[in-house]
Amino acid sequence: MIEEIASAGLPVDEELSIKKNRMQPLHVTGKEKRFSLVTGIHGDELEGQYVCYELLRRIKEDKEHLKGIVDVYPAMNPLGIDSITRGIPLFDLDMNRIFPGNREGSMAEFLAAEIIEDLKGSDLCMDVHASNIFLKEISQIRINEVSKDTLLPMAKRANVDYIWIHSASTVLESTLAYSLNSIGTPTLVWEMGVGMRITKEYGDQMVDGIFVLLKDLGIWDGEVIEPKTPIISTDGNVHFLNAAVSGIFLPCVPHWNDVKRGEHIGDIVDPLTGSVSQRIYSPCNGLVFTLREYPVVDEGSLLGRILER
Amino acid sequence: MKRKMIFNMKSLYRDDLRVYGYEFGSGSPSACIVGATRGNEIQQVFICSQLVKRLKELEAQGAINQGKRIMVIPTINTFSMNIGKRFWPTDNTDINRMFPGYNLGETTQRIAAGVFEEIQNYEYGIQFASNYISGDFIPHVRMMKTGFENVKLAEKFGLPYVVLRNPRPYDTTTLNYNWQIWETNAFSVYTCDTEKIDMVSAMQAIEAVLVFLSKVGLLYYNAPEAGVSEVIDESALITVKSQKAGIFIPRVDISDRVEAGTVLAEIINPYEGEILEEIKAPQAGTVFFMQDNPMILSHAVAFRLI
Ligand SMILES: [Zn+2]
Numbered sequence: 138m139i140e141e142i143a144s145a146g147l148p149v150d151e152e153l154s155i156k157k158n159r160m161q162p163l164h165v166t167g168k169e170k171r172f173s174l175v176t177g178i179h180g181d182e183l184e185g186q187y188v189c190y191e192l193l194r195r196i197k198e199d200k201e202h203l204k205g206i207v208d209v210y211p212a213m214n215p216l217g218i219d220s221i222t223r224g225i226p227l228f229d230l231d232m233n234r235i236f237p238g239n240r241e242g243s244m245a246e247f248l249a250a251e252i253i254e255d256l257k258g259s260d261l262c263m264d265v266h267a268s269n270i271f272l273k274e275i276s277q278i279r280i281n282e283v284s285k286d287t288l289l290p291m292a293k294r295a296n297v298d299y300i301w302i303h304s305a306s307t308v309l310e311s312t313l314a315y316s317l318n319s320i321g322t323p324t325l326v327w328e329m330g331v332g333m334r335i336t337k338e339y340g341d342q343m344v345d346g347i348f349v350l351l352k353d354l355g356i357w358d359g360e361v362i363e364p365k366t367p368i369i370s371t372d373g374n375v376h377f378l379n380a381a382v383s384g385i386f387l388p389c390v391p392h393w394n395d396v397k398r399g400e401h402i403g404d405i406v407d408p409l410t411g412s413v414s415q416r417i418y419s420p421c422n423g424l425v426f427t428l429r430e431y432p433v434v435d436e437g438s439l440l441g442r443i444l445e446r
Numbered sequence: 492m493k494r495k496m497i498f499n500m501k502s503l504y505r506d507d508l509r510v511y512g513y514e515f516g517s518g519s520p521s522a523c524i525v526g527a528t529r530g531n532e533i534q535q536v537f538i539c540s541q542l543v544k545r546l547k548e549l550e551a552q553g554a555i556n557q558g559k560r561i562m563v564i565p566t567i568n569t570f571s572m573n574i575g576k577r578f579w580p581t582d583n584t585d586i587n588r589m590f591p592g593y594n595l596g597e598t599t600q601r602i603a604a605g606v607f608e609e610i611q612n613y614e615y616g617i618q619f620a621s622n623y624i625s626g627d628f629i630p631h632v633r634m635m636k637t638g639f640e641n642v643k644l645a646e647k648f649g650l651p652y653v654v655l656r657n658p659r660p661y662d663t664t665t666l667n668y669n670w671q672i673w674e675t676n677a678f679s680v681y682t683c684d685t686e687k688i689d690m691v692s693a694m695q696a697i698e699a700v701l702v703f704l705s706k707v708g709l710l711y712y713n714a715p716e717a718g719v720s721e722v723i724d725e726s727a728l729i730t731v732k733s734q735k736a737g738i739f740i741p742r743v744d745i746s747d748r749v750e751a752g753t754v755l756a757e758i759i760n761p762y763e764g765e766i767l768e769e770i771k772a773p774q775a776g777t778v779f780f781m782q783d784n785p786m787i788l789s790h791a792v793a794f795r796l797i
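Which chain is which? The protein sequence lines are A and B, in order. For the first sequence, our numbering assigns the number 138 to the initial residue and increments by one for each residue that follows. For the second sequence, our numbering assigns the number 492 to the initial residue and increments by one for each residue that follows.
Keep in mind that the hints were calculated from the coordinates and are not lab data.
According to the in silico footprint, chain A covers these stretches of chain B (three or more CB under 8 Å from chain A):
#1 596–608
#2 655–664
#3 736–746
#4 779–791
C-beta: ideal position from N, C-alpha, C; glycine also.
Whenever a hint applies, use it, and build me the whole structure from the sequences.
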């Protein structure tokens with residue numbers, strides 16, 4: 138059942154509409170648990186599009202196993218997705234910095250408030266992101282340390298490769314996940330892949346994990362996989378590699394690969410002179426879980442992140 | 492006057508990013524004035540350029556007090572300005588959301604860190620800022636309520652209003668907020684416009700800064716007696732929103748006094764020309780903010796009244 142959860146008028150003959158698809162059993166008692174899958178806050182992150190499609194497809198195929206409510210929200214920022222814009226077009230604003238929103242504020246803040254209202258009360262919410270166009274990420278769940286106790290047990294069941302428990306920061310208090318967690322709606326943030334692309338294997342892995350969580354919640358009673366055991370870390374184990382110079386980045390290791398301390402990770406080169414401007418070496422033994430995908434770098438650009446092991 | 496390069500970054504194929512500060516007087520770091528942090532803040536650069544010109548003349552007349560140093564940074568973001576973008580050209584980040592910065596972090600964090608290191612020890616910090624909702628304001632001084640704010644000082648600009656704002660989470664990375672946390676008395680000055688030059692409010696802002704600098708003892712400046720500022724809390728402003736979307740025809744101007752029920756604007760059907768909505772003042776007040784786009788969305792903030 139497709140429902141509109143928020144809308145706003147655009148100046149010339151167009152309505153901005155945020156929709157969800159609700160899947161529920163034939164006979165609803167009112168006591169069903171509810172799972173919400175959210176994506177598309179950043180209009181250039183598309184990995185979640187496949188996840189929404191695939192989750193709904195599998196549920197529709199075995200509808201008799203559905204014992205609770207699954208709400209799928211594929212496009213929180215519909216104008217952004219349809220115009221290849223990361224933020225909200227017209228506002229040049231990161232939609233994940235305006236939650237919990239405000240009905241008295243701008244249209245963007247109004248929509249954010251409506252979104253929170255609709256998601257509130259879910260037994261579990263999952264917000265799917267796909268990094269950005271610059272960096273490729275391994276399938277991972279990110280948890281703010283303030284909500285670790287509630288979220289970590291669920292995250293471990295989600296069939297991810299990696300769980301990153303990061304430290305709190307005031308700026309992150311304006312995200313959808315923080316806002317929902319702070320009103321008692323458990324929300325996991327999933328990051329995977331790279332912007333503007335779909336990595337089908339990550340999507341399939343994630344949908345397998347969602348079914349495990351649905352079964353744990355009593356929303357699904359069909360067969361599910363045995364989830365992977367994730368690597369769990371805090372900020373202390375994560376090393377950032379930033380460019381010291383501008384240029385073209387050429388990595389020489391694959392993504393999600395073990396590296397040794399001092400191992401050559403890649404080079405920043407200068408195509409005008411044909412020379413290497415900076416050689417990049419690993420600062421530790423570990424796993425390259427983030428690797429730059431977009432070749433042009435400025436001084437400071439992130440080239441990768443290594444999880445020390 | 493001394494021109495000092497306070498930050499420099501090499502690019503792949505573009506010219507270097509250079510941030511300059513113009514110093515007047517010498518001695519203790521007394522006042523720092525920052526213009527554009529975003530590429531569309533043209534009015535802000537213009538105001539700073541005029542301030543540099545005025546301060547140069549005043550310095551030549553010996554009007555800057557002994558032992559006081561004033562610095563003006565017209566822009567820290569030439570890269571966005573030169574290609575007509577508001578935010579950083581590559582990753583679209585906002586330098587004014589990166590303070591205090593991090594010199595080992597990402598590009599815009601490094602720019603913020605490099606600039607902040609040079610400007611953080613000043614006694615007074617003045618930033619010409621802009622809002623993310625594009626529109627016209629009554630010229631005013633804005634302060635963040637951090638617990639360190641000094642409202643009495645803000646009144647020394649002599650602008651019609653001083654607006655106090657409760658910081659939201661995303662405000663904690665602005666220059667204004669971080670200046671205050673590092674014990675600089677920080678003020679954001681808003682004029683009527685951003686993307687185009689509004690000469691009248693630009694001149695008013697320049698005058699206000701010179702008056703302020705003289706009242707805090709940095710400058711001998713013979714100014715006509717300025718007006719008294721009214722202090723208001725941002726949360727006390729009355730927000731007037733649109734219900735319909737269409738072509739926006741304002742019927743009032745900034746600073747106008749309106750009565751309850753006064754038609755502030757009409758929203759016109761862009762195909763058939765008839766009036767879809769009359770936006771009316773919910774109560775009497777003065778027009779403080781007005782959106783400046785000829786088109787309007789529904790649920791948009793059309794006006795703010797005092
Ligand atoms: Zn995202």
